[in-house]
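Undergrad: Sequence:
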Amino acid sequence: MPAVAADTTVLANRLRPVLLQLNRQLRREIHSLGVTGGQVSLLVQIKYHPGIGMRELAALERISVPGMSKFVSRLEQAGLVERAAVEGDQRRVGLSLTAAGEKVLRSVKSRRTAWLSARLRELDPDEVDAIDAAIEPLTHLLEDESE
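Take 251 as the starting number for the sequence shown in my numbering and just add one per residue.
Because the hints were derived from the structure by calculation, they are not lab data.
Idealized CB from N, CA, C, for every residue including glycine.
Watch out, some of these pointers could steer you wrong.
Below, a list of computed lysine-lysine pairs in the BS3-like style, where the Cα atoms sit at most 27 Å apart [what the hints assert, rightly or not]:
1) Lys297 to Lys353
2) Lys297 to Lys359
3) Lys353 to Lys320
4) Lys359 to Lys320
5) Lys320 to Lys297
FRET-style restraints, in silico, Cβ to Cβ [what the hints assert, rightly or not]:
6) Gln271 to Tyr298: 23 to 29 Å
7) Arg342 to Ser367: 38 to 44 Å
8) Leu392 to Arg278: 19 to 25 Å
Could you put together the complete structure from these sequences and hints?
TA: Given below as structure tokens:
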């Protein structure tokens, strides 16, 4: 077993609230756009999996198919998502973003990036370098989750 530089439980207890607060702040940046963090999550999944079915989307988001159907209906009513029959299988319906859905995602990205960039400018260069160095190891924490 590899040697661990720090007690991982202590580190996890320090890191967890910081990540939760950061996530909370980033979610606040989108409130004026009229979408929730959960809706943005669905839009992102649909963007990267165009034509995804309701079951697959529900499985990715770990919620029930009936629950997902309600969420998607709201996105559809808002004009952010559209359903279309999948070519070659008339029983299957796939989801895709509308132009308005794409615009919302661009706005979300822009607002979140601007918020983070402004906060990073307030740090000293060593702190910015430390955050930059932490990105790759933090990414490794998520690798098993995305597979």
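Undergrad: The structure should be examined with respect to each hint, and the outcome stated for every one.
TA: For each hint, the structure was consulted:
1. Between Lys297 and Lys353, the direct Cα distance comes to roughly 12 Å. Compliance with the 27 Å bound is thereby established for this hinted pair.
2. Under the criterion of a C-alpha separation no larger than 27 Å, the hint pairing Lys297 with Lys359 is consistent with the structure, at around 13 Å.
3. About 22 Å separates the Cα atoms of Lys353 and Lys320, which keeps this hinted pair within 27 Å; it holds.
4. The hinted pair formed by Lys359 and Lys320 meets the criterion: a straight-line CA distance of about 25 Å does not exceed 27 Å.
5. Distance restraint check for Lys320 and Lys297: the Cα-Cα separation of roughly 19 Å lies within the 27 Å cut-off, and the hinted pair is therefore satisfied.
6. A hinted range of 23 to 29 Å for the beta carbons of Gln271 and Tyr298 is consistent with their spacing of about 26 Å.
7. For the pair Arg342 and Ser367, the beta carbons lie near 42 Å from each other, so the given range of 38 to 44 Å is met.
8. At roughly 22 Å, the beta-carbon separation of Leu392 and Arg278 lies within the given 19 to 25 Å, and the hint holds.
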